[in-house]
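Asker: Based on the sequences and whatever the hints tell you, model everything.
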Amino acid sequence: GAVVSQHPSWVICKSGTSVKIECRSLDFQATTMFWYRQFPKQSLMLMATSNEGSKATYEQGVEKDKFLINHASLTLSTLTVTSAHPEDSSFYICSARVPPSGYTFGSGTRLTVV
Amino acid sequence: AQSVTQPDIHITVSEGASLELRCNYSYGATPYLFWYVQSPGQGLQLLLKYFSGDTLVQGIKGFEAEFKRSQSSFNLRKPSVHWSDAAEYFCAVGASNGGGNKLTFGTGTQLKVEL
Numbered sequence: 024g025a026v027v028s029q030h031p032s033w034v035i036c037k038s039g040t041s042v043k044i045e046c047r048s049l050d051f052q053a054t055t056m057f058w059y060r061q062f063p064k065q066s067l068m069l070m071a072t073s074n075e076g077s078k079a080t081y082e083q084g085v086e087k088d089k090f091l092i093n094h095a096s097l098t099l100s101t102l103t104v105t106s107a108h109p110e111d112s113s114f115y116i117c118s119a120r121v122p123p124s125g126y127t128f129g130s131g132t133r134l135t136v137v
Numbered sequence: 073a074q075s076v077t078q079p080d081i082h083i084t085v086s087e088g089a090s091l092e093l094r095c096n097y098s099y100g101a102t103p104y105l106f107w108y109v110q111s112p113g114q115g116l117q118l119l120l121k122y123f124s125g126d127t128l129v130q131g132i133k134g135f136e137a138e139f140k141r142s143q144s145s146f147n148l149r150k151p152s153v154h155w156s157d158a159a160e161y162f163c164a165v166g167a168s169n170g171g172g173n174k175l176t177f178g179t180g181t182q183l184k185v186e187l
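Here the protein sequences come in this chain order: A and B. In terms of the numbering used here, the first sequence opens at residue 24 and continues consecutively. In terms of the numbering used here, the second sequence opens at residue 73 and continues consecutively.
Worth flagging that the hints you see were computed from the coordinates, not collected in a lab. Here a beta-carbon is modelled for each residue, glycine too, at the ideal position from N, C-alpha and C. Incorrect hints may have been included.
If you want a taste of the chain A side facing chain B, the calculated C-beta under 10 Å gives, among others [unchecked claim]:
#1 V27
#2 Q29
#3 C36
#4 S38
#5 K64
#6 E75
#7 S118
#8 P123
#9 G125
#10 R133
Dumping the calculated DSS-like pairs for lysine-lysine here, alpha-carbon to alpha-carbon at most 27 Å [unchecked claim]:
#11 K121(B) x K89(A)
#12 K37(A) x K87(A)
#13 K121(B) x K37(A)
#14 K37(A) x K64(A)
#15 K184(B) x K133(B)
#16 K64(A) x K87(A)
#17 K140(B) x K121(B)
#18 K37(A) x K133(B)
#19 K78(A) x K64(A)
Answerer: Written out as structure tokens, the structure is:
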């Protein structure tokens, strides 16, 4: 149980375009979801926390206008990288909180901006 | 603020040998502690977690970890490593008192297994 499906698993886009990444909770309701960014051979850095029906809370240094997060339903959260540039290339992972105190992770999205 | 330190960036062990990956945390109260494993290009798989109770926690794939409050540690162990255990291992701490419920990850330990 408690599976999060993340799509796409990889995407290549042109510089200046926008890319949307989706995370769906398949068998539970995800009230809280987290978005992480991971650079090669580095740890996961939390970008933002989203709660269903409210605005996301961004970590310090994360541009909220570049990384748009929407959590409009209990089973879907999306991250849109707007006007992507090569420096946005990274591995993005979503996670959902599974009450009472667990977490489950998506399989990640490899974004390459060319 | 919570933080996690994984002192070992890389560890190499022979197949069949025992393994211990170190994790130290900083948190004001009793933390929620996790160990995850990540294969290249993949998401994270939970190995085990500690919330309360017995300080020796058993996980999947033969892994275990021991919570030592006096040392602020949560080291991961396995008696006999298999070649398939080669991966990146992350220790994480979560706030037990809310704190947005977010996890803070260590920098990870890359495990290489020699055949």
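Asker: Give a verdict on every hint.
Answerer: Against the structure, the hints:
1. V27: Since the shortest Cβ distance to chain B is 8 Å, the answer is holds.
2. Q29: This hint holds: Q29(A) lies near chain B, its Cβ roughly 7 Å from the closest one there, short of 10 Å.
3. C36: At about 18 Å, which exceeds the 10 Å cut-off, the nearest Cβ of chain B leaves the hint on C36(A) violated.
4. S38: Status violated, d = 23 Å.
5. K64: With Cβ-Cβ at 8 Å, under 10 Å, it holds.
6. E75: Not OK, violated: E75(A) not within 10 Å of chain B, min 14 Å.
7. S118: Given a least distance of 7 Å, the restraint on S118(A) holds.
8. P123: holds, 8 Å
9. G125: holds, 7 Å
10. R133: holds, 7 Å
11. K121(B) x K89(A): violated, 34 Å
12. K37(A) x K87(A): holds, 21 Å
13. K121(B) x K37(A): At roughly 40 Å apart (the allowed maximum being 27 Å), K37(A) and K121(B) break the hint.
14. K37(A) x K64(A): holds, 24 Å
15. K184(B) x K133(B): Roughly 16 Å between the alpha carbons, so the hint for K184(B) and K133(B) holds.
16. K64(A) x K87(A): Given pair K64(A), K87(A) holds - Cα atoms ~25 Å apart, limit 27 Å.
17. K140(B) x K121(B): holds, 14 Å
18. K37(A) x K133(B): Cα-Cα ~41 Å, so violated.
19. K78(A) x K64(A): violated, 31 Å
Hints 3, 4, 6, 11, 13, 18 and 19 from the list above are not met by this structure, while the remaining hints are.
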